[in-house]
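Enquirer: In case you want the letters, here they are:
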Amino acid sequence: MDLTYTEAEEEFRGRLREWLAAVLRGLPAKPSADDWPARRAYDTTWQRMLYDAGYAGLHWPVDAGGQGATPTQHLIFLEETEKAGAPYVGANFVGLLHAGPTIAAEGTAGQRARWLPPVLRGDEIWCQGFSEPDAGSDLAALRTRAVRDGDDYVVTGQKIWTSHAEVADWCELLVRTDPDAPKHRGISWLAMPMDAPGITVRPLRTLAGSTEFAEVFLDEVRVPASCRVGAENDGWRVTMVTLSFERGTAFVGEVVACRRTLDALADEARRTGRWDDPALRRRLGRLNAEFRALWRLTQANVSESERTGGVPGVGGSVFKLRYSGVRQELYEAAAEVLGADAFDVDREWVLDRLSSLSYTIAAGTSQIQRNIVAERILGLPKGR
Amino acid sequence: MDFQLSDDQRALRSGMRDLLGAVFDRDRLRAAVERDGALDRSLWRELGAAGFFALRLPEEAGGVGLGLPEAVLLFEEAGRALLPGPLVATHLAAGLVEGAAEGEAVVTAVTADLPVAHLAEADAALVGTDALAGEPLAGEALRAFVAGARPVRSMDPLTPLHRAPTPVAAGSRAASQRTPTDAERAPAATERTPAHAGRFRFEAALLTAAEQLGSAARTTEAAVQHAGDREQFGSPIGSFQAVKHLCADMLARTEPARAAVYAAALTGDPVEIAAAKLLADEAAVRNARDCLQIHGGMGFTWEADVHLHLKRAWLRASSWLTGAGAEELLAAGLGAAGRLPRSSAAYGRPVPEAGGGG
Numbered sequence: 001m002d003l004t005y006t007e008a009e010e011e012f013r014g015r016l017r018e019w020l021a022a023v024l025r026g027l028p029a030k031p032s033a034d035d036w037p038a039r040r041a042y043d044t045t046w047q048r049m050l051y052d053a054g055y056a057g058l059h060w061p062v063d064a065g066g067q068g069a070t071p072t073q074h075l076i077f078l079e080e081t082e083k084a085g086a087p088y089v090g091a092n093f094v095g096l097l098h099a100g101p102t103i104a105a106e107g108t109a110g111q112r113a114r115w116l117p118p119v120l121r122g123d124e125i126w127c128q129g130f131s132e133p134d135a136g137s138d139l140a141a142l143r144t145r146a147v148r149d150g151d152d153y154v155v156t157g158q159k160i161w162t163s164h165a166e167v168a169d170w171c172e173l174l175v176r177t178d179p180d181a182p183k184h185r186g187i188s189w190l191a192m193p194m195d196a197p198g199i200t201v202r203p204l205r206t207l208a209g210s211t212e213f214a215e216v217f218l219d220e221v222r223v224p225a226s227c228r229v230g231a232e233n234d235g236w237r238v239t240m241v242t243l244s245f246e247r248g249t250a251f252v253g254e255v256v257a258c259r260r261t262l263d264a265l266a267d268e269a270r271r272t273g274r275w276d277d278p279a280l281r282r283r284l285g286r287l288n289a290e291f292r293a294l295w296r297l298t299q300a301n302v303s304e305s306e307r308t309g310g311v312p313g314v315g316g317s318v319f320k321l322r323y324s325g326v327r328q329e330l331y332e333a334a335a336e337v338l339g340a341d342a343f344d345v346d347r348e349w350v351l352d353r354l355s356s357l358s359y360t361i362a363a364g365t366s367q368i369q370r371n372i373v374a375e376r377i378l379g380l381p382k383g384r
Numbered sequence: 001m002d003f004q005l006s007d008d009q010r011a012l013r014s015g016m017r018d019l020l021g022a023v024f025d026r027d028r029l030r031a032a033v034e035r036d037g038a039l040d041r042s043l044w045r046e047l048g049a050a051g052f053f054a055l056r057l058p059e060e061a062g063g064v065g066l067g068l069p070e071a072v073l074l075f076e077e078a079g080r081a082l083l084p085g086p087l088v089a090t091h092l093a094a095g096l097v098e099g100a101a102e103g104e105a106v107v108t109a110v111t112a113d114l115p116v117a118h119l120a121e122a123d124a125a126l127v128g129t130d131a132l133a134g135e136p137l138a139g140e141a142l143r144a145f146v147a148g149a150r151p152v153r154s155m156d157p158l159t160p161l162h163r164a165p166t167p168v169a170a171g172s173r174a175a176s177q178r179t180p181t182d183a184e185r186a187p188a189a190t191e192r193t194p195a196h197a198g199r200f201r202f203e204a205a206l207l208t209a210a211e212q213l214g215s216a217a218r219t220t221e222a223a224v225q226h227a228g229d230r231e232q233f234g235s236p237i238g239s240f241q242a243v244k245h246l247c248a249d250m251l252a253r254t255e256p257a258r259a260a261v262y263a264a265a266l267t268g269d270p271v272e273i274a275a276a277k278l279l280a281d282e283a284a285v286r287n288a289r290d291c292l293q294i295h296g297g298m299g300f301t302w303e304a305d306v307h308l309h310l311k312r313a314w315l316r317a318s319s320w321l322t323g324a325g326a327e328e329l330l331a332a333g334l335g336a337a338g339r340l341p342r343s344s345a346a347y348g349r350p351v352p353e354a355g356g357g358g
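Which chain is which? The protein sequence lines are A and B, in order.
For the first sequence, UniProt numbering puts the final residue at 384, and the numbers step up evenly by one.
For the second sequence, UniProt numbering puts the final residue at 358, and the numbers step up evenly by one.
Pulled out of the complex, with its shape left as it was, chain A reads as follows:
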């Protein structure tokens, strides 16, 4: 066991820090949360800066146009960009972290050449059309139909929770191509151009008041069959392969951000005098233990990936289960620090508190995570 970084890793960190210090001053002002075109422009500008500096697709394989960085370098990148206050991956999320890796792993040479470079350069934005109103945790129950008609699929159905749908160029879409097959075996993966006729995007307003995602209605949308990645009816496997790109780094930036928030809460509580309340002080102290441990668990998971070249074993679901709950507790503590100001949405942390309610739901609910931990890690029998 060794927590010290190698000389090469420290050199990578040092160069990155220098670059961040130089470029972040030149960033435009952050756009308002409801101005989607401005958000897209801001996020893609940042992606272009990363591209020009050689940091785009850091964790992607070299033959996909990435930098082929080690999991530890990726950890350092995410840690340092968060510490420096650099923009989040934002609208580039699906392209860089899901659709892109899927195409890199399963696409033809032509598909890779068509779709990957624009993602890395920040020229094109992707969104994700996976969940449906009746297919959430049970994603494989999805019903959006794609019927082959000549060189096209004709797609009809409805998707939900699609982030960045208003501004995306492409949608990675899971569709049912064989309604008679067992549910996991009749699904295909399509890249759907978002300007195709028949697509209606209706923004959904979250309980935090902003429109972070949308419903997408598909009415006989024609998608060229050449936009299918992987074989017909093999889409479930194709999309699961992408998860093997996850190398323990999924929440690095978030944990760094949580630790910074916790420090800020302590400073604020000291300023207002609430620090004198031992119950509050101890609550913040406990959260310090939690986030320190989550940071160490991240390092352990990344080290395991580095050794095995694959997905961390105990890592992902255990981490997400613990992290999502603790991050919600962080904002409960924030509300206590804020006191009466906790009801003013213009105060820092108030919107974060509302947003945090999604953490135990999005990307696999805590209940699903517990099933995964119990069945796949602990080996308990599946229920009915």
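No wet-lab data here; the hints were simulated from the structure.
Just so it is clear, CB atoms sit at the ideal spot from N, CA and C, and this is done for glycine as well.
Certain hints may be false.
[Unchecked claim] Chain A is nowhere near these chain B residues, computed Cβ spacing over 12 Å in every case:
| # | residue |
| --- | --- |
| 1 | ALA61 |
| 2 | LEU161 |
| 3 | ILE237 |
| 4 | ARG253 |
| 5 | THR267 |
| 6 | LYS277 |
| 7 | MET298 |
| 8 | GLU327 |
[Claimed, not checked] Here's a subset of chain A near chain B, in silico, CB distances under 8 Å, partners left out:
| # | residue |
| --- | --- |
| 9 | ASP2 |
| 10 | GLY198 |
| 11 | GLU304 |
| 12 | VAL318 |
[Unchecked claim] Okay, the calculated beta carbon distance ranges per label pair:
| # | chain 1 | residue 1 | chain 2 | residue 2 | range |
| --- | --- | --- | --- | --- | --- |
| 13 | A | ALA8 | B | ALA49 | 38 to 46 Å |
| 14 | B | ALA120 | A | ASP276 | 51 to 59 Å |
| 15 | A | ALA33 | B | TRP314 | 42 to 50 Å |
| 16 | B | GLU104 | A | GLN328 | 48 to 56 Å |
| 17 | A | GLN328 | B | GLN232 | 28 to 36 Å |
| 18 | B | PRO151 | A | ASP276 | 38 to 46 Å |
| 19 | B | TRP302 | A | ARG17 | 41 to 49 Å |
| 20 | A | ALA84 | B | ARG10 | 34 to 42 Å |
| 21 | B | GLN232 | A | PRO118 | 42 to 50 Å |
Fit chain B to the supplied structure of chain A, relying on the hints for placement.
Expert: Below, chain B without anything else, positioned relative to chain A:
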């Protein structure tokens, strides 16, 4: 960075597990329970011969010359096996009390307000949380101390307990476990050998946390085993989400605690040790509770081992650094105040980059 066990560390851990399997199997565990936790001196010497107590003494001094990370692995195994005795105090007394390193002497620790473990059997007692700075109790002084102490009927059948006479006689003043000045007690950077205020307590807290970690992992295994075997309503109870989710939560307590304990062993940072103790205490106690619950009525019996884990976990949780003390220390490490040089001080090793915005 490679935050995974090395091959040597894996070998050390499995060697310790094999040793305990051979010299302290379940029959011997239950025999120890039947004699109210009275120590088996020959087992103590076997631990000494295996290097359990001398692990961190330099080789020139007859020790094994390994460090806190390795010690933590051994204590984790001891916790798994419910190995009885004042393991932490005797380990820390190696090189300080004659015979401790070899397992010839049994050394206990006397700290304020807490019952003293295995006092009647002890050859020496370290006194106070700064015990390495003072003289241990031994000989006539120890006999006088024992005569003034009151034996209690111990809740933990593996740990005979005495209440110490107050005020604590020797060396250092009784230390409160909870005051905010805990933060000021954090030790300054130094090599391992020189004694100084605080080091003893933080190392003791860390090794105790390692025992808690081993216990938490063991009760998780026991719960999973039972949930897979026990059938009700025609199915293993582990197929029911109400039960399997308890098991998942047990693992979700154990693994962050493991990361915290191993990291604290590497950095020696007091705040990181506080995090390790807090999370390991919670994992050990709550996992034992859930394990008991999953065992149903059998879990409530004397015959099941789970109560031994729970009682020991409760006792360890109140030792060296309590939840309240750890939380205060962790709070003091937050914000601008926490970034003062003092809080990043470590001892024994250079501090690797704290990471995560800390």
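Enquirer: Is it true that the C-beta distance of GLU104 of chain B to GLN328 of chain A lies inside 48 to 56 Å, as the hint says?
Expert: For GLN328 of chain A against GLU104 of chain B, whose Cβ atoms are near 53 Å apart, the range 48 to 56 Å holds.
Enquirer: Look at the Cβ atoms of GLN232 of chain B and PRO118 of chain A and judge whether their distance stays inside 42 to 50 Å.
Expert: Cβ of GLN232 of chain B to Cβ of PRO118 of chain A: about 57 Å, so the range 42 to 50 Å is violated.
Enquirer: Check the non-interface label on LEU161 of chain B: least C-beta distance to chain A beyond 12 Å or not.
Expert: holds, 28 Å
Enquirer: Return holds or violated for the Cβ distance of TRP302 of chain B and ARG17 of chain A against the range 41 to 49 Å.
Expert: Given range 41 to 49 Å: violated, Cβ gap about 60 Å.
Enquirer: Close enough to count: is the Cβ of ASP2 of chain A nearer than 8 Å to one in chain B?
Expert: Because about 5 Å separates ASP2 of chain A from the closest Cβ in chain B, which is inside the 8 Å limit, the hint holds.
Enquirer: Taking the closest pair, is the beta carbon of ALA61 of chain B still more than 12 Å from chain A?
Expert: holds, 24 Å
Enquirer: Measuring from the C-beta of GLU304 of chain A to each C-beta in chain B, is the shortest one below 8 Å?
Expert: GLU304 of chain A check passes; min Cβ-Cβ to chain B is 6 Å, inside 8 Å.
Enquirer: Does the hinted range 51 to 59 Å hold for ALA120 of chain B and ASP276 of chain A at CB?
Expert: With a Cβ separation near 44 Å, ALA120 of chain B and ASP276 of chain A fall outside 51 to 59 Å, so the hint is violated.
Enquirer: Can the suggested window of 38 to 46 Å be confirmed for the beta-carbon pair PRO151 of chain B and ASP276 of chain A?
Expert: Holds: the Cβ-Cβ distance is about 42 Å, inside 38 to 46 Å.
Enquirer: Would ILE237 of chain B pass as off the interface with chain A, using Cβ distances and a cut of 12 Å?
Expert: violated, 9 Å
Enquirer: The output says MET298 of chain B does not contact chain A. Does that hold with a beta carbon cutoff of 12 Å?
Expert: Nearest chain A Cβ is 19 Å from MET298 of chain B, so the label holds.
Enquirer: Given a hint of 42 to 50 Å, does the C-beta separation of ALA33 of chain A and TRP314 of chain B actually sit inside it?
Expert: Holds - the Cβ-Cβ distance for ALA33 of chain A and TRP314 of chain B, about 48 Å, lies within 42 to 50 Å.
Going through the hint list in order, the structure does not satisfy hints 3, 4, 5, 6, 8, 10, 14, 19 and 21.
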